[in-house]
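Student: Now for the letters of each chain:
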Amino acid sequence: MTKLSTKHLLGIKDLSEQDIQLIFKTADNFKDVINRPIKKVPSLRDITIANLFFENSTRTKLSFELAEKRLSADVVNFSASSSSVKKGETLIDTVNNILAMKVDMVVMRHPNPGACMFLAKHVDARIVNAGDGAHEHPTQALLDAYSIREKLGTVKGKKVVIVGDILHSRVALSNIFCLKKLGAQVMVCGPTTLIPKYISSLGVKVEHDLRKALEWCDVANMLRIQLERQEIKYFPSLREYTMMYGLNKSLLDSLKKEITVMHPGPINRGVEITSDVADSKQSIILQQVENGVAVRMAVLFLLAGRAEN
Amino acid sequence: MKILLKSAKVIDPNGRNNGKKCDILIENGIIKALKPQITSTPDMKVISEKNLHVSPGWFDMQVNFRDPGYEHKEDLHSGAKAAAAGGFTGVALMPSTLPPLHTKSEIEYVKNKTAALITDVYPVGTISHNHEGKELSEMYDMHKSGAVAFSDDKRAIVNAGLLSRALLYSKNFGGLVMTWCSDKDIAGDGKMNEGVASTKLGLKGIPGLAEELMVARNIHLAEYCEAPIHISSVSTAGSVQLIREARAKKLKVSASVNAYSIALDDSLLKDFNSNYKVNPPLRTSKDIAALWKGLADGTISAITSDHAPQDIESKEVEFDYAANGMTGLETMFALANTHRGKMKLEDLIGCISSAPRKVLGLPAVNIKEGAAANLTLFDPDASWTFTEKDIRSKSKNTPLIGKKLKGKVIGVVNKGMLGINMK
Chain A
1 MTKLSTKHLL
11 GIKDLSEQDI
21 QLIFKTADNF
31 KDVINRPIKK
41 VPSLRDITIA
51 NLFFENSTRT
61 KLSFELAEKR
71 LSADVVNFSA
81 SSSSVKKGET
91 LIDTVNNILA
101 MKVDMVVMRH
111 PNPGACMFLA
121 KHVDARIVNA
131 GDGAHEHPTQ
141 ALLDAYSIRE
151 KLGTVKGKKV
161 VIVGDILHSR
171 VALSNIFCLK
181 KLGAQVMVCG
191 PTTLIPKYIS
201 SLGVKVEHDL
211 RKALEWCDVA
221 NMLRIQLERQ
231 EIKYFPSLRE
241 YTMMYGLNKS
251 LLDSLKKEIT
261 VMHPGPINRG
271 VEITSDVADS
281 KQSIILQQVE
291 NGVAVRMAVL
301 FLLAGRAEN
Chain B
1001 MKILLKSAKV
1011 IDPNGRNNGK
1021 KCDILIENGI
1031 IKALKPQITS
1041 TPDMKVISEK
1051 NLHVSPGWFD
1061 MQVNFRDPGY
1071 EHKEDLHSGA
1081 KAAAAGGFTG
1091 VALMPSTLPP
1101 LHTKSEIEYV
1111 KNKTAALITD
1121 VYPVGTISHN
1131 HEGKELSEMY
1141 DMHKSGAVAF
1151 SDDKRAIVNA
1161 GLLSRALLYS
1171 KNFGGLVMTW
1181 CSDKDIAGDG
1191 KMNEGVASTK
1201 LGLKGIPGLA
1211 EELMVARNIH
1221 LAEYCEAPIH
1231 ISSVSTAGSV
1241 QLIREARAKK
1251 LKVSASVNAY
1261 SIALDDSLLK
1271 DFNSNYKVNP
1281 PLRTSKDIAA
1291 LWKGLADGTI
1301 SAITSDHAPQ
1311 DIESKEVEFD
1321 YAANGMTGLE
1331 TMFALANTHR
1341 GKMKLEDLIG
1351 CISSAPRKVL
1361 GLPAVNIKEG
1371 AAANLTLFDP
1381 DASWTFTEKD
1391 IRSKSKNTPL
1401 IGKKLKGKVI
1411 GVVNKGMLGI
1421 NMK
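Note that the protein sequences, when read in sequence, are chains A and B. The opening residue of the first sequence carries number 1 in the numbering used here; numbering runs sequentially from there. The opening residue of the second sequence carries number 1001 in the numbering used here; numbering runs sequentially from there.
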């Protein structure tokens, strides 16, 4: 198989296991490429990609832009706060205006769940979802699973716990879909107010005691607490969150086995994880960042390849 | 004008002619004769359709015509056309207009502007002045002017004291209070039903609990005030149970359900199609089964369309920003009929004709010689595909375009007029 089964990357939900494996295989090649002295390949020469960010992002945007540039694509960036767009031009109009300037692919981040699917139905371009509200963040899930595969050899059969704000997290949702498709066991852990009531319907375990969750797992993915995303307070204070769900070195060292620690970034040092955990040899946080570029190159390459046919 | 219905099967559960297959002659708006065989004369408009069924004119007790204020979405005339096309000879109009139907002026405006139409339009006045949920509106004055009931529509009354005063005050003159139930702090900023589907879509959920808390509260208030209350748009299994228990205690609680709530479930939102975004949100198949059970045992008496026209700009946007509501008058019977399962046709017809009239205290309509001809003509077994061409509403916000449905409306007769749907 050399092609994805989908035209767009809107969510992990739409991918088959074969699609994910194809992305990983392609990412392996690109990871070699970006570690060479000359990091650039001509694969997407003459393809124009627009990065549309309707919500703040630093690293995802940077990672996509680097991936695009290393594939020799032409890149344009558009950032706007969603509120200013909401007041004036509609999303469809904004994107069609950009497409009228002959753009082939759109990478979009948007605060509303389903925004990428909505766009895919109304405009004529390949769409890559770079995060839509609390719905999906497929490339993050792919790079997370890819990093687990790299560190532990395989994802299948591994036990992964996702810790933190599951209610507002697209990273959690995409990770659950991706890890389940690859045969991992998944657990979510966090305060009851931040765990969706129906989360176990996705086939994940639910645990509210961090120590028990860590004892169970091979990999702990510590999500960032995104206070900016919570319009209501779901827990009284960061201090209290850290008391119950923060991962520190003494807790990590007291576990029976050596687990792998992940974080999608940016880290609130001292909140989800302490500095000595983030910088420990068990942490693969920077490998995740590196793999992010390779995985995004693979996704863009595979989707653009289909566009040529 | 003389109209002759040939070989029509009468569906009139409470009438003496129920089940008969006969010819019906209507002259000047009155049922002149109802016999096994009536010979047509050239001055008669003859309707002889295959599988012709005739029932007392249908009634939809929850529709929005957006007039005054949002006439680009719907106005009184286009709304009434949609109603007639859907088989309705009577509708109760919700007050969410601009200005709201909250004084005698708006009530009379609606009455006057619709007096000559084939579909009778009964305005519902607001409970609160200016639809603000703070002070009572002039309910008595509106009642005298023709308000058929009172409701704050989809602005649930947060202030329990206000609702209790409305229940007590309207008792003076026999006004009916209808309430739509949703606790805003539990519903939060939800966009769809909270459940498995919302979890997968990352959309904020509205738990059934939001509705049930307020249903329970409103039942308590009605009990305390010893007043009747109507619960509109019931959508959860829990609400059905609360209403069932209240009725078992002989409280004067009635209820209605929207057709989409008994036909469509929340899994349909998987593609973020905003035409499925309604309030109350589409719930689960379990809720649908409980609602049908509630209809079967009389807990819920009426089915409504909750016809809610929206312009394309309000719907073709990101799901979070899309307005709630779907149009429903043209498809209400077919949608309910397609999903009615074991419910008998005549029981379903009762839910959209005699039951809503009874809830609103309107005179009963029967099919018998000498009575006014207020009739709906339909074929309950016809399979058809709903297309844009079937839409009479100004708005097209329905997810049912292109969908196959069972049961088609042939036409309506009311006030001496005949409305026939084109084939």
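If you are wondering where the hints come from, they were derived from the structure by calculation, not from laboratory data. Beta carbons: idealized from backbone N, C-alpha and C, even for Gly. Heads up, a few of these hints could be off.
[What the hints assert, rightly or not] Partial chain B-side listing against chain A, Cβ under 10 Å, derived:
no. : residue
1   : K1032
2   : K1035
3   : D1075
4   : V1196
5   : K1293
6   : D1297
7   : F1319
Student: Would you pick out the hints that fail for this structure and give their numbers low to high?
Tutor: 1, 2, 3, 5, 6
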